[in-house]
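Heads up: the protein sequence lines correspond to chains A and B, in order.
Residue numbers for the first sequence follow numbering that gives the first Met the number 0, beginning at 0 and rising by one.
Residue numbers for the second sequence follow numbering that gives the first Met the number 0, beginning at 0 and rising by one.
It cannot be assumed that every hint is accurate.
Claimed, not checked - The following residues of chain B were derived to be distant from chain A, with all beta-carbon distances above 12 Å:
| id | residue |
| --- | --- |
| 1 | T9 |
| 2 | A21 |
| 3 | G77 |
| 4 | G199 |
As the list claims (entries may be wrong) - List of simulated lysine-lysine pairs, DSSO-like, C-alpha gap at most 30 Å:
| id | chain 1 | residue 1 | chain 2 | residue 2 |
| --- | --- | --- | --- | --- |
| 5 | A | K132 | B | K366 |
| 6 | B | K366 | A | K93 |
| 7 | A | K238 | A | K217 |
| 8 | B | K232 | B | K303 |
| 9 | B | K303 | B | K321 |
| 10 | A | K132 | A | K93 |
Hints listed in this document are in silico derivations from the structure and should not be mistaken for laboratory results.
Where is the CB? At the ideal position from N, CA and C, for every residue including glycine.
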Amino acid sequence: MTAVEFTDVNKWYDNGLHALRDINLSVNTGETVVICGPSGSGKSTLIRTVNALEPIDTGQIAIAGTPVQMMDRRSLRRRVGMVFQSFNLFTHFKVLDNLTLAAEHVAGLDQAAAEARAMQLLDRVGLADQAQKYPGQLSGGQQQRVAIARTLMLDPDVLLFDEPTSALDPEMIAEVLSLMEDLAREGRTMLCVTHEMGFARNVADQIVFMAHGSVIEKAPPAAFFDNPQTMLAQAFLSKII
Amino acid sequence: MSKAIHWCGTVVPPRAAPRRDATVWTRLRNALFRTPMQGAITLVLALLLAGFAPGLVEWALIDAVWLPSDPAACTEPGAGACWAVVSEKYRVMLFGAFPYSEHWRALLAMLLIVAGFVYSAFPRHWRARLAAIWLGLLALVLWLMLGGFGLRPLSTSDWGGLPLTLILFAGTVTFGMPLSLFLALGRESQLPAFRWICIGMIELFRGLPLLVVLFLASLLIPLFLGDGMTIDKFVRALVGMVLFFGAYASEIIRGGLQALPRGQYESARALGLTYWPMMITVILPQALRIVVPALVNDIIRAFKNTSFVAVIGLFDFLGATKAALEDPLWVRYSLEAYLFLIAVYFAFCWTMSRYASWVERRLDISKRRGE
Ligand SMILES: Nc1ncnc2c1ncn2[C@@H]1O[C@H](COP(=O)(O)OP(=O)(O)O)[C@@H](O)[C@H]1O
Ligand SMILES: [Mg+2]
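Modelling step: build the complete structure from the supplied sequences, incorporating the hints.
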């Protein structure tokens, strides 16, 4: 089953920048895809088109066969969750309320059901004891785990991660990566933009290497890391590893 | 072979900070005589104070005439401040032409409004419900001030003095806050026509002095309404005040909306929230919180601005005082009457500005605690 399918996708920003160029890519259900590439290559733009945070100009993106453009925003975003580099927790809500908000407003759960589910997920990310705190009282790693739990509240079919560990102090990266690894092993469909090459090598099913708004290489991790086919990928890998 | 570890390092145990003792005396010395120059300024000011204070005290307290037995007492040689003017005229100054027998109603209305502001001062009461509470409160105030339903009917032209000032103030904020929210959101709207209308209103009323806005309101509104229909002066003044306040406050709110990190909008949208739930639950509470100190300052300014309506012929506290002093017997003692007026205005404004700095500190503290 194809979970996400890009067909000839192009996007231009308002200033005329051709940010995505003829993207063709398909992600199977249960697959974890790591997207890497130099800064400014269009990685964020690419995954933000999947939940329509960025509109595309031509081509088509389909979630389980249905074009994104044809879904209403609310159901699209119930099916596609996103985790951001800077966590973006709602700072004026307690951790628990950060989780229940969308469940109540978007999924229509009642408060009790939403809180029960939230506590279950907080427990799962190891933060049940932090439920009554405000995000500002947690460490970066804890905040990112809360953000992941918040995304899981709507039980999305596809998870998007945009550099989820780039804003973290080094000692907190592992806790987030291992949570992501658990999710991947559980069989979730994930698109991750990350520079964590260890994670990419061990967890990803597919590596997508981007440069200048184009997908330059698509390969399983072993092939990509041991035997990059293009000069661009070689140059990128020599810098990052 | 592993290297033997023979030294695990010494953790220095924490010690209490040295005490920064400051006796009252050293603190005073630091405040007044830190440098020779500063000391000299302190001395000069102290001398000036010593020169003026006794005369002032003698005029304002010792030789003052307190009771309005007869204005003649104030003209006797050696008489100081004639506070008698206040004890004679305070009813007129405070209530204007409001019928004497109904003063209790105006007093009650004032107390209601003050209670409303005290209630609104607590951050834990800042909920959407507050708007409803104010509407209810103003309805009650209107009943007290206009009568009907068992009370003697009065009209807004009977209103005057401090109640008028306070009603104008409360009305300005109660209607001005929703207007400012509306304008701030409208200014960022995706619908061009709506956006331009909002921008136009904001720029127009921010671009004019309040006095001009008040004259416009009192001259133009009847023109729009056409012949036959009249709309009373008080409402016209209120409309002017609301538009002026709304335009300024909307720009403050817009500042809060822009100060909020884009990530808050993005994660709300990524979670499937549509515009209104996102605005109401995520964006506005945070944006408004950022701008509370600025909004409180604008609210204080709205209170001060009420005194402008005296110019378009309303007898607010200032207007009523002016009118009270037209009495030829007492007109000579305007100074004392205005000092009383100043004291009342100052009490209100000073309380509010103390509150403003308290609330700013409080929000700062809870922000630092990460709430
Ligand atoms: N809102 C925007 N408007 C115009 N250009 C943008 C915008 N967002 C990103 N870009 C540009 O698009 C290109 C791709 O950006 P991005 O997808 O963020 O790259 P990456 O995530 O790979 O670093 C960059 O050159 C960036 O400057
Ligand atoms: Mg990026």
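Hints, verified against the model:
For T9 (chain B), the non-interface assignment is confirmed: its Cβ lies about 23 Å from the closest Cβ of chain A, beyond the 12 Å cut-off. Every Cβ of chain A is farther than 12 Å from the Cβ of A21 (chain B); the closest lies at roughly 33 Å, confirming the non-interface assignment. Against chain A, the non-interface label of G77 (chain B) holds: every CB pair exceeds 12 Å, the least being about 64 Å. For G199 (chain B), the non-interface assignment is confirmed: its Cβ lies about 25 Å from the closest Cβ of chain A, beyond the 12 Å cut-off.
At roughly 13 Å between alpha-carbon atoms, K132 (chain A) and K366 (chain B) fall within 30 Å of each other, so this suggested pair holds. Simply put, K366 (chain B) and K93 (chain A) have alpha-carbon atoms about 13 Å apart, close enough for the 30 Å limit, and the pair holds. Proposed proximity of K238 (chain A) and K217 (chain A) is supported: the alpha carbons are some 19 Å apart, at most 30 Å. Between the alpha carbons of K232 (chain B) and K303 (chain B) the distance comes to roughly 19 Å, so the proposed pair stays at or under 30 Å and holds.
Distance check on the hinted pair: K303 (chain B) and K321 (chain B) sit about 17 Å apart at the alpha-carbon level, within 30 Å; holds. In summary, the hint linking K132 (chain A) to K93 (chain A) is supported, as the alpha carbons are separated by about 5 Å, within the 30 Å threshold.
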